[in-house]
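Please take these sequences and the hints and turn them into a complete structure.
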Amino acid sequence: MKKILRASYSFLLVAGVAVVPHVAAAQSLFLKVPKTAYETGDSFQASLVIETGGQSINTVSGLIDIPQDKFQILDVRYGSSVITLWVDKPKIDYGRGVITFAGGIPGGFNGSAGPLLNFGLKARRVGAGTFTLQDIKVLLNDGQGTEMKGVVVKPLVLSVRTPAPMPLSPPAPQAFPPAEQQQEASLPPPDIVPPESFIPMVSRHPSVADDKYFASFSAVDKDTGIAYYEIKEKPSLLGRFTDKFDTPWVRGESPYILRGQWWGYEVFVRAYDQAGNSTVASAQKPFHPAVISLFGAAAVIASALAGYGTARRRSRGSKKILRR
Amino acid sequence: MMFRYSGIVLGFFALVVLWPLFSRATEYASTNFRIRDPILQIATSTQMSSTNFRLTGVAGQPAIGTSSATSFRASSGFLFFPSVAKPTVKKIIGDGEVGLHWTSVSGFLGWTVGGYDIGRATASGGPYSYTSVGAHTYSAGSAATSGLTNGTTYYFVVRAEDIFGNAVATSSEIAATPAASSYRVITGDFSSSAASSTNMTQANGTSILVDMPAGVLSSGISIHPEFSSFSKDTVVADKPLPSGKLGGTTMYELSFFQTSDLIQISSLDKAVTLTFHYTDADVSGITGSTLAAYRWNGSSWVTLSGSTVDTAARTVTVTSSSFSTFALLGTAASNSSPSAAPAASAARGGSGGGGGGGGLLSETPTSPATTKVSLKGFAYPGAAISVLKDGQIAASSRADENGNWSADAPVSGGVYMFSVYATDSDGRKSLTYGFPISVSALQSVSISDIIVSPTIGADKQEVKFGNTITFFGYTYPASVLHVMINSDTEIADTVKANALGRWKYALNSDNLEKGEHAAKSQTETAQKIVSPFSETLGFRVGDADVAFGAGIRPASRPLAERCGKNGDLNNDGKVNIIDFSIMLFFWNQRNPKNACADANRDGIVNLFDFSIMLYWWTG
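Chains A and B supply the protein sequences, listed in that same order. Residue numbers are given in our numbering: position 277 of the first sequence equals residue 277, and the series is strictly consecutive. Adding 324 to a residue's 1-based position in the second sequence gives its number in our numbering.
Zero decoy hints are in this set.
Sample of chain B residues facing chain A (criterion: CB under 7 angstroms; computed from the structure):
(1) G715
(2) Y757
(3) N894
(4) K917
(5) S935
(6) W941
Facing chain B, a subset of chain A residues (Cβ under 7 angstroms, in silico):
(7) T36
(8) S61
(9) S80
(10) V87
(11) A113
(12) N141
(13) E196
(14) M201
(15) H205
(16) S207
(17) K222
(18) S254
Below, in silico cross-link-like pairs of lysine-lysine (DSS-like), each with a Cα-Cα straight-line distance of 30 angstroms or less:
(19) B:K898 - A:K137
(20) B:K852 - B:K696
(21) A:K222 - B:K415
(22) A:K234 - B:K898
(23) B:K410 - A:K122
(24) A:K89 - B:K696
(25) B:K898 - A:K222
(26) A:K212 - B:K898
(27) B:K414 - A:K222
(28) B:K917 - A:K89
(29) B:K410 - A:K35
(30) B:K415 - A:K35
(31) A:K222 - B:K696
(32) A:K137 - B:K844
(33) A:K212 - B:K917
(34) B:K898 - A:K89
(35) B:K696 - B:K898
(36) B:K700 - A:K222
(37) A:K154 - A:K91
(38) A:K232 - B:K917
(39) B:K917 - A:K137
(40) A:K154 - B:K410
To be clear, the hints were calculated from the coordinates, so they are not data collected in a lab. All figures in this text were calculated on a predicted structure; none of them were measured in a lab. Every residue, glycine too, gets a C-beta built ideally from N, C-alpha and C.
Given below as structure tokens:
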């Protein structure tokens, strides 16, 4: 087998032919598709993949420019991405015909063919369309935010043609399914699995929203990816008896500045994936120290009053006994 | 070199010499094309050959090039005819799933195979829905082969694609019908030179753990395992049990193949340890103490020597270097003999109440099948190990006195980014080391030999020129530390860690010029496993000795002391989702109120600061 290869490349040298086989760059971002030619109506999935060239990277951002005149963008999925923290979740801007994304990988990633995101496409018009990757930034996992040098991004050209004509003498109907069935449908199955369980956190910091309490959360969905979050606050103690004081579910992003700053609350965060499946998690927001101090002061006053009342009753009682 | 060209040269030579033997044909023409000078092969011979070449069929336009017109195109030359072999596909049947694996294929004359797609259809011939499995040559974890309907026949093809995702070869179609009587399937690839552990768990609570030692094949080639489990009824139909023996309801088929060509490996060079975990329901009616592992040798069931049963743990352990169908067989329980259940129930009763004694088997709850990732590796004696799953703490562990550690993390199935770091007894943290893991539902994946980077500190942040600066830290005991000093002339040296994992390296600053320098280290264990680099520790050679106040001061931490670690925006000693939230709060802000959010001090909170935070991530 090796001899064959050698002979082939020797032939290249002898003939001086300038045909270069496709070779992956050492560090590159590229789009993968099942094939390069489609018929109108075909649906398929494209993947954005990173090859790190032996270096550890931790941050990737950029946009994919899609020729919408030739291809319709169906959806974007990022559940199986090596990126786990999204600063800018992959989203489709139909107006501009682009998918933007920015995210990172704690601990870094070093490997070939690391999936970043997938998106569904449908061939709509005949012709050739060019997909380009723009504003690509890949940062090394070196603690200094160094931009990776020499990252190769290659445009992808796909062609769309009209479906092949039906044969002049069609065989029996069973042998040839309808044209719709013959069209390619390389799309993943529907996402029916909810996001994975996660743990929200409640904290505060002087630099954030004037030291107000906020919730931090990040869920993961292994299929379509997280679409959005909803947050609800349920007051401690009172919430055991009534939901009248619960806040309604509202959409929010991390960090979410909590509405209830003074009272203690159980903060519920509901993560939805892009298919509408959801997972709920909760965290306890403590009473504000001022409220605790107030409670403490009230308790001291109450106990003092109670003590005073008791002492007074005892005093009256002892006086009655003395009178007797 | 001459030999390389000999085939080509002889081919051209044969063409020239034999030219008169070809007939000059008539030009063909129609209204929209013409073939000029067609060279037809002589009718009397279909091929020409010598000892090292063969010329078959028509030879036209031997130089590469393309002739084209509006209605036709003729291409010639070898590079217009790249080729790739079709993958050969094998299948195994599971409950609602199918396991596929196939031969790795290579492209020639310009094609490079970059990955594979599995095409699935419910009708022979398609249309197929394709799912990429990357460069894997097996289907484990693919949505294409799971979530199937038992009793429905599915048709699969495997398509090789080039590095740009273009399909270049498609296998022959293979049909498979999932069945409830087939429980689980596991396929994959691993190197026979490394130790590995695979646990296959059935929905009925039974499982088998296959522990492969390192060097299970002396050749070190890649091995393709094919594990499957079945109901007893499926197996005993053609493999009848020995007289007087009863079998567990779950039986196993374990096979190994060479990854390169899928040729079955009949026996391994080292024995593999098999641990069967049974449930009471699985061995109902069998006396637990009589259970033993049996293997089908092609004609009968044979007892595997050294089979040990632990009725409390409900396991049977045995070693084997030959593989086929395995089963747990035993003798029937009688009212007078102790059965498997009481011992096990008693053991459980002690810890959780329930079960109870008695001579009859009871239906005690069985542990549910779990999907998990088991990690094992090397750190420092007593080190605290933190395992992160997708950036958040998933498990914690502590290394033993030898620096070995293990941890399990539950998952639900999919692609996960795992990362690990260790904290030594002085409170220094290693860098976080990340790696992706793909795991399918109800499958346990074990990753071993994970080595965390050493910790590093120094006694001075500035050393007076001519004095000595000492670097130190922890690593895997008795391993070699490679210390590298980044200077005008890079210094690389080695030092050996002691039995407690402590290492120390003294450097005379005479060897360095005055100014800023940096040091880092890397571990190499006795097994030649090399760790990632430690963090980079900055120091200065100057006019005075300045001690580090406490702990380390790496050069890549230029922020003011009040910022704590880079990325630790709330100063709680951790870099986690809260810091990420705070950073997002200030995202794209110039001169943020929290100055630490602008880690690189370029005046804006952006991706560069995010990257620095991820570098220091602790979860």
